[in-house]
Amino acid sequence: MNTALAVRLGPLALANPILTASGTFGYGLEFTDFVDLSGLGGLCTKGLSLKPHAGNAPPRICETPAGMLNAIGLQNVGIEVFLAEKLPKLRALGATVIANVWGDLEEDYATVVRALEGAEGIAAIELNISCPNVLQGGMLFGNSPPLTRSLVSRVRAATKRPLIVKLSPNAPDLVESARAAREGGADILSLVNTFVGMAIDPETARPRISFGTGGLSGPAIRPLAVRMVYQVARALPDVPLMGIGGIAELSDVLEFLAAGAAAVQVGTANFKDPGISGRLVSELAAYCLARGTTPADLVGRAHRAGAAGGDAGAEG
Amino acid sequence: MKADHRATLLRRQSFSPGLFSVTFHCPGLADAIAPGQFAMVDVPDRLRPYLRRAYSVADSDAGSGTVEFLLKTIGRGTAALEEMPVGAGVRLLGPLGNTFTVSDLPRGARVAIVAGGIGAAPFPALLKALAGSGVVCDLYFGGRHARELSLQSRFDGLVSGETILTTDDGSLGEKGFVTQALARRLSAGARYARVFACGPMPMFGALAKVVGGAGLSAEFSTEAEMGCGFGACLGCVIPGTEKPFVVSCSEGPILSPEKIRW
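Going down the list, the protein sequences come from chains W and P.
Heads up, the first sequence is in my numbering, so the first residue is 1 and it goes up one at a time.
Heads up, the second sequence is in my numbering, so the first residue is 317 and it goes up one at a time.
It is possible that part of the hints are untrue.
What the hints assert, rightly or not - Derived lysine-lysine pairs resembling DSSO-like cross-links, with alpha carbons at most 27 Å apart:
1) W:Lys51 - P:Lys318
2) W:Lys89 - P:Lys559
3) W:Lys89 - P:Lys491
Stated by the list, open to error - Covered, in the sense of this in silico footprint (three residues per stretch, anywhere, with C-beta under 8 Å from a C-beta of chain P), are these stretches of chain W:
4) 31 to 37
5) 176 to 187
Treat the hints as calculated values from the structure; they're not laboratory data.
Just so it is clear, CB atoms sit at the ideal spot from N, CA and C, and this is done for glycine as well.
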């Protein structure tokens with residue numbers, strides 16, 4: 001293991017800062033032909049719920065300029081199957097597993113987290129309070145700071161593991177959401193989930209996705225996500241962040257680190273280029289070696305360099 | 317094993333405007349692929365189209381290391397391949413998905429292939445495999461009009477049985493739907509050990525009734541817009557009978573019609 005890339009995000013120590021984002025990496029096992037899972041900083045599982053969940057009716061995805069819309073609707077095998085069939089294989093492969101969890105109600109989240117608490121081989125919990133593609137739960141929690149605070153503190157009491165809260169870019173005030181998650185007891189914040197978008201077939205005038213709206217991801221959202229990471233890093237400089245949003249090459253990783261993320265999650269690019277996450281680890285290692293630097297040194301450089309021009313913290 | 321292969325465009329053949337085949341040099345994939353499987357094609361522009369395109373492999377030859385796709389120009393992905401210069405490179409992720417089932421068919425058995433329009437795409441390789449097993453095959457090939465059947469020339473010498481052409485407008489072959497042509501022959505006493513089919517959803521729906529009514533074994537090569545092609549994004553689901561949704565790319569694309577909720 002190359003220890004030169006090691007990073008620490010609060011209580012969570014990772015071999016390197018390259019992770020894969022929930023919903024874009026299945027249960028990890030779909031990628032074993034393309035990536036050595038043990039070489040990643042970590043992988044975030046498909047959002048897990050107490051019971052198996054069927055997800056939304058098709059069509060569920062649609063390509064958009066430099067990205068895609070999706071409304072999968074959190075289809076997943078449920079924690080029982082995850083623990084019995086997926087997790088043992090991930091452990092055998094040496095993967096650093098972050099369990100992404102969701103529920104309809106506050107109590108559902110806590111129940112899932114409690115059920116995972118006894119399992120070996122889960123490095124951290126990531127709370128999905130930001131899925132835009134379900135009618136209950138998900139983003140409803142993330143868009144209200146009081147609900148966020150209450151949910152996170154409830155889950156906080158249910159686990160000793162490092163707790164990551166994945167924020168919604170659709171929240172009215174992302175910094176307030178971040179603050180609420182931190183006050184509730186989040187160790188780490190990951191941002192951002194997808195942006196609510198819509199595509200309409202001009203012939204039929206019907207939405208291209210059966211759910212109507214979908215979450216926009218891919219390189220199209222990168223500047224929005226970088227701005228949000230920068231903003232939260234500035235407002236809450238002591239909170240470790242994982243940056244997510246359209247990462248597809250090494251320069252994108254460096255950009256998010258500079259904005260203040262201590263680690264990143266690669267998302268939609270995994271669909272197009274299933275080996276990308278492993279290659280980014282190698283490319284980051286080569287970059288750090290050539291420059292005589294470490295990922296930790298690269299975090300927050302944009303803040304030290306000073307914001308150019310207008311106030312990047314402002315919404316307008 | 318699935319892998320992301322580099323491939324070079326060797327040649328393109330046009331059948332009629334918007335209907336063409338592209339043949340790539342891609343020995344790794346040519347060695348590994350079986351009839352019915354597909355590849356996710358990454359055309360060179362990095363951002364638009366952004367996602368790869370899922371195309372059934374029409375034919376492959378391990379000796380020359382070639383892989384061929386039959387395509388109809390519909391969107392950006394197919395348009396890019398129609399214009400791509402010979403010698404240009406793409407990436408082919410594959411082999412992906414399951415395969416048509418041939419091995420259980422006895423020598424001398426008779427099967428039918430039912431193709432609607434560009435649904436003919438996966439069948440050259442299947443016809444070669446069937447011929448290799450001594451299975452006789454009738455090809456039912458339907459389209460809206462004669463031009464849609466221009467791909468027919470790609471099947472010259474491959475069909476061991478009868479070729480039945482149909483067009484909606486009667487401009488070539490029998491007038492009507494390809495499923496009606498099959499139904500007529502079944503009621504006249506034709507029997508098939510299996511029906512292999514690929515085409516648009518309305519054709520599949522009609523065909524499911526025909527083969528269900530006749531109690532025939534059938535395998536449909538399903539189509540759904542795919543994000544990844546290997547079961548990670550869950551974007552390409554089809555309503556199922558045994559469970560709410562079947563994942564077309566990783567549980568298919570070849571599915572028996574009784575697994576699909578019509």
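Hint-by-hint comparison with the structure:
1. W:Lys51 - P:Lys318: Violated, because 31 Å separates the two Cα atoms, which is more than 27 Å.
2. W:Lys89 - P:Lys559: Between W:Lys89 and P:Lys559 the Cα gap is close to 24 Å, so the pair holds against 27 Å.
3. W:Lys89 - P:Lys491: Violated - the C-alpha atoms of P:Lys491 and W:Lys89 are around 55 Å apart, more than 27 Å.
4. 31 to 37: It holds: at least three residues are needed, and the region 31 to 37 of chain W offers 3 whose Cβ sits within less than 8 Å of chain P.
5. 176 to 187: Since 0 is below three, the answer is violated.
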